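> Assemble chain B onto chain A, guided by the hints.
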Amino acid sequence: MTDDVVRDVFTAGLVLLSAFLCFAAGVGLIRFPDVLSRLHAATKPQILGLIAIVVDVAVANPSAATITLALAIVFFQSLTAPIAAHMLGRAAFRTDHFRRDILVVDEVSSRPGPSRPHSAKN
Amino acid sequence: MSDEGSHGTRPRMLRARVLSGLIPFAGLVLLWMLLWGQFTWLAFITGILLAALVSTVFYLPAVRLSGRFNVGRGVVLVGVLLFDIVFASLQVAWSALRPRYTPSNAIIVVPLVTRSDLIMTFTAVITGLVPGSIVLDIDRDEGTLHLHTLNVASAADVPALKRGVLAAERRLILAVGSADDLARLQKSTYAKEAGVQSTGEGGTG
Numbered sequence: 108m109t110d111d112v113v114r115d116v117f118t119a120g121l122v123l124l125s126a127f128l129c130f131a132a133g134v135g136l137i138r139f140p141d142v143l144s145r146l147h148a149a150t151k152p153q154i155l156g157l158i159a160i161v162v163d164v165a166v167a168n169p170s171a172a173t174i175t176l177a178l179a180i181v182f183f184q185s186l187t188a189p190i191a192a193h194m195l196g197r198a199a200f201r202t203d204h205f206r207r208d209i210l211v212v213d214e215v216s217s218r219p220g221p222s223r224p225h226s227a228k229n
Numbered sequence: 002m003s004d005e006g007s008h009g010t011r012p013r014m015l016r017a018r019v020l021s022g023l024i025p026f027a028g029l030v031l032l033w034m035l036l037w038g039q040f041t042w043l044a045f046i047t048g049i050l051l052a053a054l055v056s057t058v059f060y061l062p063a064v065r066l067s068g069r070f071n072v073g074r075g076v077v078l079v080g081v082l083l084f085d086i087v088f089a090s091l092q093v094a095w096s097a098l099r100p101r102y103t104p105s106n107a108i109i110v111v112p113l114v115t116r117s118d119l120i121m122t123f124t125a126v127i128t129g130l131v132p133g134s135i136v137l138d139i140d141r142d143e144g145t146l147h148l149h150t151l152n153v154a155s156a157a158d159v160p161a162l163k164r165g166v167l168a169a170e171r172r173l174i175l176a177v178g179s180a181d182d183l184a185r186l187q188k189s190t191y192a193k194e195a196g197v198q199s200t201g202e203g204g205t206g
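Those sequence lines, one after another, are chains A and B. The first sequence begins at 108 in my numbering and counts up one residue at a time. The second sequence begins at 2 in my numbering and counts up one residue at a time.
So that you can see chain A by itself, here it is in the shape it has in the complex (with noise of 0.2 Å):
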């Protein structure tokens, strides 16, 4: 009985920590000032989320068939984030859609070099 009530507990805690952290990405998503702070937003709180919901479900119904699909799902979901992330940022930086006024260094547009064709806006 008593272990019922440890797991209660814990599978509780890791819901009340994947709902935080998801509705931490969700202010991120609104208070962060550009797209590539945004991303920021959209990825990690958000990995770590689900995560912890994924977990959740695992100990609380612990079978192969669950565990070996929570592995599945959390690896394939670090692995696509950071590339969704990624494409987003490129076409952004590309197309000139950030604040440069927040940015404490800017190595790549301070570059010399011929391929950066948005540099020649500035």
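Just so you know, the hints here were simulated from the structure itself, not pulled from any lab data. Every value quoted in this text rests on a predicted model; they were computed, and no experiment measured them. Built from N, CA and C at the ideal position, the CB exists for glycine as well. One thing to keep in mind: the hints can contain errors.
Claimed, not checked - Chain B stretches covered by chain A per the calculated footprint, using a threshold of three residues with CB under 8 Å from any CB of chain A:
id	segment
1	36 to 45
2	98 to 112
Claimed, not checked - Chain B regions said to be covered by chain A (calculated; three or more residues, Cβ under 8 Å):
id	segment
3	79 to 90
4	145 to 157
Showing chain B alone in chain A's frame:
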């Protein structure tokens, strides 16, 4: 690449070649079985058929694996990565929620040590998961990553960020890198301190 006698290198290269083909194939079969959540002969055989179909229809150039895997280093890699994911998520969550948030970001260029496409790709993926950075672009010819980093107070923080990325690459190479990459790593660890500092002056403008 290394031309020191064809004794040891031949079977090694052949082994790496066979592994390069087999590992993605086995990965596909395993994925299929994971998706069904059952490890039965039916899932295994249909998995093999589908993997054969997928790898002929969606043909991709072979990934060059090094044929080398250091288990201890692999554990370190995954352990540090998990820690980094937790830390990065909490850090970004905190930046999103903290009362007085003032944006201050940076775009930096990190020259990598490796020349292997696979290591470069995985370094980029890992960099996207660890604190503070997402990859904007990968310059394959020069072997550099262009990163956008969150919450950089001043240009003085940049070398530390670069060291973080290079440390991730280092862990990756030590775990699965080829002999060529290991040699590059050896060479670069001596030159690195000087190299990172000399690029610092370009960023102040």
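> Going through the numbered hints above, which ones does this structure break? Give me the numbers in ascending order.
Failing hints: none at all.
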